[in-house]
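So the chains spell out like this:
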Amino acid sequence: MFRMGGVDEADRLDSAEKKQVLRRTAAMAVPFRRTLIGAVSFTALSTLGLVIGPLLVRYGIDHGIDAGDSSVLRNAVIAYLVVVAAAYLASRQQYVLINRAGEGFLRSLRVRVFDHIQRQSLAFFDRNKSGVLISRMTADVESMGELVQFGLLQLISAAMLIVFSLVLLFVLSWQLAIVGLLVVPVIIVASRKFQRDSNEAYLDVRENVGQNLSTLQEGIAGVRVIQAYAREPEQTRRFVQSNRRLFDSHVRSVRVSTWYFGLVEACGIFATALVIGIGGWLVNRGDISIGTVIAAVLLLAQLFEPVQQLSQLYNTLQSSTAALNKLFGILDTEPDVIGGSATLPSSGAVTVDSIGFTYPGTETPVLSGVSLTVGDGERLALVGPTGAGKSTLAKLMARLYDPSVGTIRFGHVDLRDADFTELRERIVVVPQEGFLFAGTIADNVRIARAGASDADVRNALAAIGALDRFDEFEQGIHTEVRERGSRLSAGERQLVSLARAALVDPAVLVLDEATSNLDPGTEVIVERALERLMTGRTTIVVAHRLSTVRRADRIAVVDHGELVELGTHDELVAIGGRYAALASAWQRSQPSV
Amino acid sequence: MTATTATRTEPAPPPTRSKWGLLASTLRAQRKNLIIGTMVGLVWMVGKISVPVLVRFGIDRGIEEGDKLWLWASLVAVAGVLAGTFTALRRFYAFREARWTETRLRERLFSHIMSLHIGYHDRSQTGQLMSRSSSDLTQIQAFVVMIPITLSNLAMIAAVAVILFATDPWLALVALAPLPLVNIAGRKFSEAIHPAVLAVQAEQAELATVVEESVGGVRVIKGFGAESVQGAKLRKEADDIQRESVKAARIRAKYLPAIDLLPQLGLIAVLGFGGMQVINGDLTLGQLVQFNFYVALLVAPLRMLGMTIAWGQRAAVALQRVNEVLEISPEVVDPTNPVDLPHGPAVGAVRFDRVEFGYDPELAVLSGFDLSLAAGESVAIVGATGSGKSTVARLLVRFYDVDGGSVSIDGVDVRDLTVHDVRRAVGIVFEDTLLFHDSVAANIAFAEPEATEDQIERAARLAGAHDFIMGLPDAYDSVLGERGFSLSGGQRQRIAIARAILADPRILVLDDATSAVDPSKEHEIRAAMTTVMKGRTTIVIAHRPGTIALADTVVLLDEGRVVASGTHERLLIDEPRYRDVLAAMEHDAEPDLDVETVQTAPALAPSPASAGDA
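As given, the protein sequences belong to chains Z and D, one line each in that order.
Counting in the numbering used here, the first sequence runs without a single skipped number right up to 593 at its last residue.
Counting in the numbering used here, the second sequence runs without a single skipped number right up to 1614 at its last residue.
Among these hints, one or two may not hold up.
Claimed, not checked - Only pairs whose alpha carbons sit at most 30 Å apart, straight line, appear in this in silico DSSO-like list of lysine-lysine:
| # | chain 1 | residue 1 | chain 2 | residue 2 |
| --- | --- | --- | --- | --- |
| 1 | D | 1236 | Z | 129 |
| 2 | D | 1254 | D | 1188 |
| 3 | Z | 129 | Z | 18 |
| 4 | Z | 326 | D | 1254 |
| 5 | Z | 326 | D | 1247 |
| 6 | Z | 326 | Z | 193 |
| 7 | Z | 326 | Z | 19 |
| 8 | D | 1068 | D | 1032 |
| 9 | Z | 18 | Z | 326 |
These are calculated hints, taken from the structure and not from any lab test.
Being a predicted model, the structure only gives us computed values, none of them experimental.
Given these sequences and hints, build the entire structure.
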């Protein structure tokens, strides 16, 4: 069946890039070289088997049938049987070996790219859209799967078949070989056109499939609005339009492959006609035997199918090269936040020393000239409008990024010099949303410390007063959370998130307070858990609510990337500056009952 | 049934009882082209079959006897042109018709989905319906392709068998003996490889989950230094994929070379037995070569036959699933003799009379619910979560029908009106604002695509949306939605309000149109709504204290009925339950200190890979 592949104009590589991709691919395939050599050898064997068949037929005809010698004929038959059996065994091996090598290659590609992505700092994830990163690791790698399963094999065997058949054809009779190849220029021109057109058709179909799917999805997801406004006919009309565009593009793509296949087939038979005509003439002249003509006819029948296969493979190869190029692009990105070797004290103040920060690739600094010290055991609230830089400041204090200028220290150690594992044990960030991974509740808590036992997990949950809540579940902490935690409420997800921090038992806690509301029941439990977690630890909290701010020892107001106010609630209200304004705005917007 | 039948692009086929009935009725409409496709296939067959005969004559007469060599060679060439042309046409017809079947089934499915009652949609998942309309139809399409191709293949198999048996029955028997094995191997292969491929896909999906959560949860991973945990998970999934892929490869390794090589056994048999006959003078050399050719010719059709059977099995499952959706009949339909809504200066009276309703027959959501609004009156419905507030709106627009009692608009039971009339009489601003991937103007003019620019702008101004729309890159022509410009929650809601204004309904329902809005913007929305509500019957489903003030009166809903009504101030004093509900709302509604919370929709790229192109 006709398979499609193709690349956008933007993804098309020039020949230097192609060479580069091939070189790196070859380097990555080195561990699989034995398997690959085996695969190629077996492919050569099985292809040879296909080509030898016609030769044996010729031998049988010329020396057995024509000569009337039945023992020669019998030998030819036996030899043919042996060849077929050998070809079967070789084919089996070639499939297994090429897949073993290919899948091994894909596995190492997956692992390497994933590990490399994981080594990147948050800045990398800010720069790259998550959808793109995910599709690199999934769709792009999977698109090469087809190449591994069929493509490589077809490529090798088609190329070998063509070469062997040609060589044999020339060995049989150079005159017939030339005659048979008279149609080749037509096929070359047609193949070129086919490659170009099918690439275009493929992109067109892909575009229209995407369009149609989103119209479809919009209709189904929006059915309430559509029915509420009685717009079903209009919406259906729109869908039909996009559906018909998809149909048209399918038809165009069928047309592209259709004429090409027809042409190649016609060329093949046409070449046969030439071989018979001219070959017959040569036989009559006594230049060649009739068995040679028959063998040439049989060989030609095998020659044109691989040409079709190669043409189809061309586009698949191109899209795989483009995918590999993108993956190598990721592997080329050096991680910019790397751990040092200095050991960290078990506790200490967090000192921010005249730092500035600019996101890579941007001009405007997010933070500039910020200095402050959070004492051991102190609780600091960061407030300010969205985009002021308070979240960035919090992330810098946990070394999710490095400051562009200035230093941040824990105790007296610059965070950049600190051992990474130790750093993550001292300073822990609890993100805004309680993000859950697939697995059980216990697995999710254990994300924070891979080796933790069930007892450790239970202790961590107990430490924040959340153990009872999860023990109520039928399977307790071993309850599967399902995709993105759809079985847990928002509050329960946050409890899991806090338990992770409790499991690490860090000296410093960096919290980004959730902006979304919880159901009133769990809100109280979450607040209590948070309070227990913060007790006895240095805490930096990005605050969105006045209630949180009021419980902090000191408040830092960040605006336009600068630290504008720092002090206790009472001090700042007394100054009558921005904090005072924010606080009173909050009071005003509190609805009166 | 104007609302449903009118949406069909073609007259609805008679109701189908079985999955094959569905396919048969669809194909019947395409019978002309399918017959042409099959005829084309027959000509293709003649072309293909004539080649070996002509080659034989070329060898026997042309070369061996030296008689009219060039005539035979030219005839082979002509047959080649014929075979090539008709190979192309056969393919083209088969694929085009299959795509057409898929296209029409998808349209039928879509318009059916559009006509299904909301009760059905509330129970079903978008993803499920999506896969019915995409991957299931692709499976059906892959089978329909095979129909005309298989018909001409069968004709060819029959014709070749006849020729071979006519030439030499014993040799024919020997030559054809291995071929049924090709068919069997083909079928066995398809049966074995299908679950293996599904297993690989399942493992790929699991790896995708790990990747997605690692990218989505990168802050957690970085925060706890959990890279190695995720790395271990990924390695496990990558190993699983590798293992399952190699398993699938073993299945391919077993069958595919066998399918390729089995026909060679026929060729060997022809060489051996046929050769002996030539030596004995019972057969010509040309006939031998012809036998060889024919045996080779049958390989592809027989292999395809095996695949067709396997595809047919998969298509049956897909047809079953598609048919399940098509067999559900819409529950909310037009009455046989619809009544017209009365016209007049003061319209828009609403009455719920002893309404009984439950989504689940066992669990009543509303019981003995009474509510009456005079034309132009506005009421806020207040109640705890799950008290049935939003249900009131759904019954009014007939998303659901009441189990008992009645809902009427201007004195007419909504069930006596056409669905279209009810829905044009009521405009709802939903809690979650859905915008379509289209221009701002088109989104506002959703109810009235014919609306003029002035009307659209007027509606936008009334909804307080004009100013920010003018600030968008292309103003009213800016494209919104998943792949377009993303707006903040408040902006989306103002567009939804403008949409309702433009529809100019008798009755307006605001299902908490301010929940996703930033507090600082809330007053703007309130102002917009006050303008809109002037002189129009309005039901406000209030989830926040702020919205209550919009309405003239308040009703308190508890356990499915109205337990108190009056003005906000009155209820505050008299009703402890009202105060409790309000206090719960306050808690949820504690505003952020942030100035503006912008909701950005992630740019979701369509994934054509999953769209399933053959």
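Hints, verified against the model:
Using a Cα cut-off of 30 Å, the hinted pair residue 1236 (chain D) and residue 129 (chain Z) holds, with the two alpha carbons roughly 25 Å apart. Proposed proximity of residue 1254 (chain D) and residue 1188 (chain D) is supported: the alpha carbons are some 11 Å apart, at most 30 Å. Under the criterion of a C-alpha separation no larger than 30 Å, the hint pairing residue 129 (chain Z) with residue 18 (chain Z) is consistent with the structure, at around 26 Å. This hinted pair does not check out: residue 326 (chain Z) and residue 1254 (chain D) have alpha carbons roughly 35 Å apart, beyond 30 Å.
Of the pairs offered as hints, the one joining residue 326 (chain Z) and residue 1247 (chain D) holds, with about 29 Å between alpha carbons and a cut-off of 30 Å not exceeded. For the hint linking residue 326 (chain Z) to residue 193 (chain Z), the alpha-carbon distance of about 27 Å falls within 30 Å, and the restraint holds. For the suggested pair residue 326 (chain Z) and residue 19 (chain Z), the alpha carbons sit about 14 Å apart, so the restraint of at most 30 Å is met. The hinted pair formed by residue 1068 (chain D) and residue 1032 (chain D) fails the criterion: a straight-line CA distance of about 42 Å is larger than 30 Å.
Annotation: proposed proximity of residue 18 (chain Z) to residue 326 (chain Z) holds, straight-line Cα distance about 12 Å (limit 30 Å).
The structure fails to meet hints 4, 8 from the earlier list, while all remaining hints are met.
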